[in-house]
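**Student:** Starting from the structure of chain A, add chain B where the hints point.
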Amino acid sequence: DAMVIQNPRYQVTQFGKPVTLSCSQTLNHNVMYWYQQKSSQAPKLLFHYYDKDFNNEADTPDNFQSRRPNTSFCFLDIRSPGLGDAAMYLCATSRGTFGNEQFFGPGTRLTVL
Amino acid sequence: DQQVKQNSPSLSVQEGRISILNCDYTNSMFDYFLWYKKYPAEGPTFLISISSIKDKNEDGRFTVFLNKSAKHLSLHIVPSQPGDSAVYFCAASVGTGANNLFFGTGTRLTVIP
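Chains as they are written, first to last, in the numbering used here: chain A, 1 to 113; chain B, 1001 to 1113.
This is chain A alone, in the form it adopts within the complex (with noise of 0.2 Å):
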């Protein structure tokens, strides 16, 4: 079945300690998004890449980076966590025309100690 699937699905780090968070899908989509999910919030786009463009939100701290290598593969690095990243980070990939629902990875929950 195609699917987008994240790894790991739970990931704990240290206070300031990078961590990768990885996402993958077979559905041959050209557009990838990561959202951060806090406890009963709505889900939050962080940033999308459009092929290999990438697109940031405005408000997205620094501290998120993302890279795509190929169409397959999205990564999300958090440079230094902090207690407020603490949170559900879901993918999502879209075929990008409008009007296209996104399809949603199970999410990866990161704690930070």
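Hints listed in this document are in silico derivations from the structure and should not be mistaken for laboratory results. A virtual CB, placed ideally from N, CA and C, is assigned to each residue, including glycine. A portion of the hints provided could be inaccurate.
Unchecked claim - Listed next, the in silico DSBU-like pairs over lysine-lysine satisfying Cα-Cα at most 30 Å (straight line):
(1) A:LYS38 with B:LYS1005
(2) B:LYS1054 with A:LYS44
(3) A:LYS44 with B:LYS1005
(4) A:LYS44 with B:LYS1071
(5) B:LYS1071 with A:LYS38
(6) A:LYS17 with A:LYS44
(7) A:LYS44 with B:LYS1056
(8) B:LYS1068 with A:LYS44
As the list claims (entries may be wrong) - Where chain B lies over chain A, by a calculated footprint (3+ residues, C-beta under 8 Å):
(9) 38-49
(10) 105-112
**Tutor:** Frame of chain A, contents of chain B only:
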């Protein structure tokens, strides 16, 4: 600033009855609206969508209604089934191309057998 609001955190409905989930938005530029369903430990799954040129879209037991003048949309599930128990997110987007989705905080639906 939450542009998409779901003011009811939870809703309980008897099996076989109608479930009505509500969503309000503030940005008049939104022209495409989606509902996602989320089960525990899974990512959100696309359920149904509606373009701003329509006021109703139906797919089986699920119907979405859009009232642009009131900036309000609702999801009707008839008849409700226990398997519908999940968190439902309303989302909205602006324009064409890659869709930056703005999510509500979700409504937890419980269908009581």
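**Student:** Each of the hints needs a verdict: does it hold here or not?
**Tutor:** Consistency of the hints with the structure:
1. A:LYS38 with B:LYS1005: holds (16 Å)
2. B:LYS1054 with A:LYS44: holds (27 Å)
3. A:LYS44 with B:LYS1005: Holds, because 13 Å separates the two Cα atoms, which is no more than 30 Å.
4. A:LYS44 with B:LYS1071: Between LYS44 of chain A and LYS1071 of chain B the Cα gap is close to 21 Å, so the pair holds against 30 Å.
5. B:LYS1071 with A:LYS38: holds (26 Å)
6. A:LYS17 with A:LYS44: holds (23 Å)
7. A:LYS44 with B:LYS1056: Given pair LYS44 of chain A, LYS1056 of chain B holds - Cα atoms ~27 Å apart, limit 30 Å.
8. B:LYS1068 with A:LYS44: holds (24 Å)
9. 38-49: Check passed, 7 qualifying residues.
10. 105-112: holds (count 3)
In this structure, every one of the numbered hints holds.
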